[in-house]
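Student: Residues per chain are reported as follows:
Number of protein chains: 2
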Amino acid sequence: MQPAVIAIHGGAGTITRAAMDATREREYIEALQHVLQAGQRILAEGGSALDAVTEAVRLLEECPLFNAGKGAVLTHAGTYELDAAVMDGATLEAGAVACVTRLRNPVLAARAVLDHSEHVLFAGAGAEAFAQAQGLELVAPEYYFTQARHDQWQRALGNAGMALLDHDAAALAAQGQVGPADPIDPDSKFGTVGAVACDSRGNLAAATSTGGVTNKQVGRVGDTPVIGAGCYADDVAAVSATGTGEMFIRTVAAYDVAAQMRYAGLPLEEAARRVVTEKLPAINGRGGLIAVDRAGNVTLPFNTEGMYRGFARVGEAVNVSIYG
Amino acid sequence: MQPAVIAIHGGAGTITRAAMDATREREYIEALQHVLQAGQRILAEGGSALDAVTEAVRLLEECPLFNAGKGAVLTHAGTYELDAAVMDGATLEAGAVACVTRLRNPVLAARAVLDHSEHVLFAGAGAEAFAQAQGLELVAPEYYFTQARHDQWQRALGNAGMALLDHDAAALAAQGQVGPADPIDPDSKFGTVGAVACDSRGNLAAATSTGGVTNKQVGRVGDTPVIGAGCYADDVAAVSATGTGEMFIRTVAAYDVAAQMRYAGLPLEEAARRVVTEKLPAINGRGGLIAVDRAGNVTLPFNTEGMYRGFARVGEAVNVSIYG
Chain R
35 MQPAVIAIHG GAGTITRAAM DATREREYIE ALQHVLQAGQ RILAEGGSAL DAVTEAVRLL
95 EECPLFNAGK GAVLTHAGTY ELDAAVMDGA TLEAGAVACV TRLRNPVLAA RAVLDHSEHV
155 LFAGAGAEAF AQAQGLELVA PEYYFTQARH DQWQRALGNA GMALLDHDAA ALAAQGQVGP
215 ADPIDPDSKF GTVGAVACDS RGNLAAATST GGVTNKQVGR VGDTPVIGAG CYADDVAAVS
275 ATGTGEMFIR TVAAYDVAAQ MRYAGLPLEE AARRVVTEKL PAINGRGGLI AVDRAGNVTL
335 PFNTEGMYRG FARVGEAVNV SIYG
Chain U
35 MQPAVIAIHG GAGTITRAAM DATREREYIE ALQHVLQAGQ RILAEGGSAL DAVTEAVRLL
95 EECPLFNAGK GAVLTHAGTY ELDAAVMDGA TLEAGAVACV TRLRNPVLAA RAVLDHSEHV
155 LFAGAGAEAF AQAQGLELVA PEYYFTQARH DQWQRALGNA GMALLDHDAA ALAAQGQVGP
215 ADPIDPDSKF GTVGAVACDS RGNLAAATST GGVTNKQVGR VGDTPVIGAG CYADDVAAVS
275 ATGTGEMFIR TVAAYDVAAQ MRYAGLPLEE AARRVVTEKL PAINGRGGLI AVDRAGNVTL
335 PFNTEGMYRG FARVGEAVNV SIYG
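Taken in sequence, the protein lines are chains R and U. The first sequence begins at 35 in the working numbering and counts up by one. The second sequence begins at 35 in the working numbering and counts up by one.
Don't read these hints as lab results, they were simulated from the structure. Some hints here could point you the wrong way.
Heads up, the list lumps identical chains together, so a pair's fine if it works in one copy or across two of them.
What the hints assert, rightly or not - Straight-line distance between alpha carbons at most 20 Å, and here's what the computed EDC-like set of lysine to aspartate or glutamate pairs gives: (1) Lys313 with Asp269; (2) Lys313 with Glu152; (3) Lys313 with Glu127; (4) Lys104 with Glu303.
Predicted, not measured: the structure shown is a model, and the values here were computed from it.
Work the whole structure out from these sequences, hints included.
Tutor: Okay, here's the thing in structure tokens:
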């Protein structure tokens, strides 16, 4: 069997109560298909899992529909702070950046850390200085701006200034505050993007990127750049997560999938299911993850109503889904 | 059996080649004993493991002999950037701060995040703003200064500006560059402090704090504030690590001890041994860790020549060691 496969996600959350907007839904579907096809092409040409996930996440960062890179959410202070990570399962090499404010593609900075630094994680201005020295593109904060995220931030500020983590979409809808009819409610969505892949040699890789949580406190770092929490890859499994980041950190969610496979002998799907439907809910963790193993098995579990997700095997049609 | 026990570490590394200075050695021994006695007292009075490890690490931060708080090492830019984390195994609650430059006790900021924030990890100025709002003490950078760390930084700058991670102490000694005769060579030491404890109710906790690596690039974050890497606690084990932080992140070292116990049924000592003598060396990881389980078992393995370490059971004499 040809194991080569790539899977992606674009965030999980509550299916919007507003009338479904078929045009908006098609935009999401097409964006996910486009990204999967790009990753599929890299794998079909013999490219590495590491290159496929890096490129897939870069494309998701470029797409304003998703909360990473362009289209990122705003902090309480009205600024942007982005996090990203990438890990190569073949070598256990990893790179990550946290709280960056001027990088067009945080995932490329994470990849540069993996490729060119003796370190794994850089935060803040130090991360930007490293990325700049590597020739990566800097942008002004306005680059990240989208009207939808700005409106979402304004709604969050209006709701007692709380981070839009656990808001009930129905309550917001009752106040007439629901935004455009995205298939998954942007006000209750855990917006992170990610990719996992298995290449034709059976090597695995994972990448994750996010703008974090709307209206988050400045300096808050979620699970995305935390290796083992929001991103992990070894020779057993590659995992990328999206959800209430704090709970993914506390359960070491991404690594826990691989640990259950390695130490308890669980298959990929069962290991991932236990994390998403047992361990995370036990501490009120919400969200989902995508995972692949070296045989090319794929699983995309979530404990929310929906998750933007899909996978593509080399030589087969692309699969994309939004709802449960 | 009374399980209540606390263990601490103050960094691992190479035994110095310079003539041993008995006075200096006694300073380290007495500092470790003092900290252990304080933790032991908290546990004896029925205090929680969480309170015992927080206080032990606070005292290690206050002691200029160790690379955390006062006595922290300098970055390449001659600044101080500190990281700390704490985790409560009873609840899986965690708090951490990274790249803080103005907090007297980073571990108290990590504890405040655990106690008072919906978030787990804050970086940089955002972490300091949170700590300040919680009433924690801010200090000027001069507070952290010690002549020994300054001299060590100067030696690192003179050695091609590389981080003093893997330097051969013998080579430095040949250049007449070895500093005061610390039992463990400060120029090749992985200086982190940490504590783990099991309280009389069988609850576990871990805390870790560091100034990082001498001459590190600004913004570099090691394993210390990464839950699962340098600090982890659940109802199976509590772990605090010290060493080449990047390799502890890549192996998810601290959580891996608990995962092997939970999923493979290994006893504490064997799970910790595999991490320190097999998984870390496989990617050139050097250092050690301290770990306890809920039965009060303690293990303190390291793959370097020495590690400042000790443990104390309630009602028993304090044990302190430096060499292998």
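Student: If a hint holds in the structure, say so; if it does not, say that too.
Tutor: Here's how the hints hold up against the structure:
no.: 1; hint: Lys313 with Asp269; result: between (23 Å within a copy, 13 Å between copies)
no.: 2; hint: Lys313 with Glu152; result: between (33 Å within a copy, 18 Å between copies)
no.: 3; hint: Lys313 with Glu127; result: between (27 Å within a copy, 14 Å between copies)
no.: 4; hint: Lys104 with Glu303; result: neither (32 Å within a copy, 48 Å between copies)
Hint compliance for this structure: hint 4 is the single one not met.
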